[in-house]
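Residue numbers (my numbering): 138 to 209.
Each hint should be verified, as a subset may be incorrect.
[Said to hold, decoys possible] The calculated SDA-like cross-link candidates involving lysine to any residue, where the alpha carbons are at most 20 Å apart (straight line), are: (1) 148 with 159; (2) 148 with 158; (3) 148 with 160.
What the hints contain is simulated information worked out from the structure, not anything from laboratory work.
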Amino acid sequence: MCKRRVLTKVKAMNTSTQSFAEWLIDESGVTAMEYGLLAALIAVTIIGAISATGTSLTTIYDYWSETVIAAL
Numbered sequence: 138m139c140k141r142r143v144l145t146k147v148k149a150m151n152t153s154t155q156s157f158a159e160w161l162i163d164e165s166g167v168t169a170m171e172y173g174l175l176a177a178l179i180a181v182t183i184i185g186a187i188s189a190t191g192t193s194l195t196t197i198y199d200y201w202s203e204t205v206i207a208a209l
């Protein structure tokens, strides 16, 4: 192998290693991920609350509906 090819491969490996190290250190997307997880948690909480409230309201509506029909 000629010396130039070896140097070119070593340079390419150093560049790749440096790029990978920079990628590991980079924290630019971390905040976006945190906001995404927070939004998902809020959505799950809202869906759970609506589901529980909906079931409760259905029970109350059925009770009053049967009471009114029985009174008529």
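Here's how the hints hold up against the structure:
1. 148 with 159: Since the Cα atoms of residue 148 and residue 159 sit roughly 16 Å apart, the hinted pair holds (cutoff 20 Å).
2. 148 with 158: With a Cα-Cα distance of about 15 Å, the restraint between residue 148 and residue 158 holds, given a limit of 20 Å.
3. 148 with 160: This hinted pair holds, its Cα atoms lying about 18 Å apart.
Violated hints for the displayed structure: none, as all numbered hints are satisfied.
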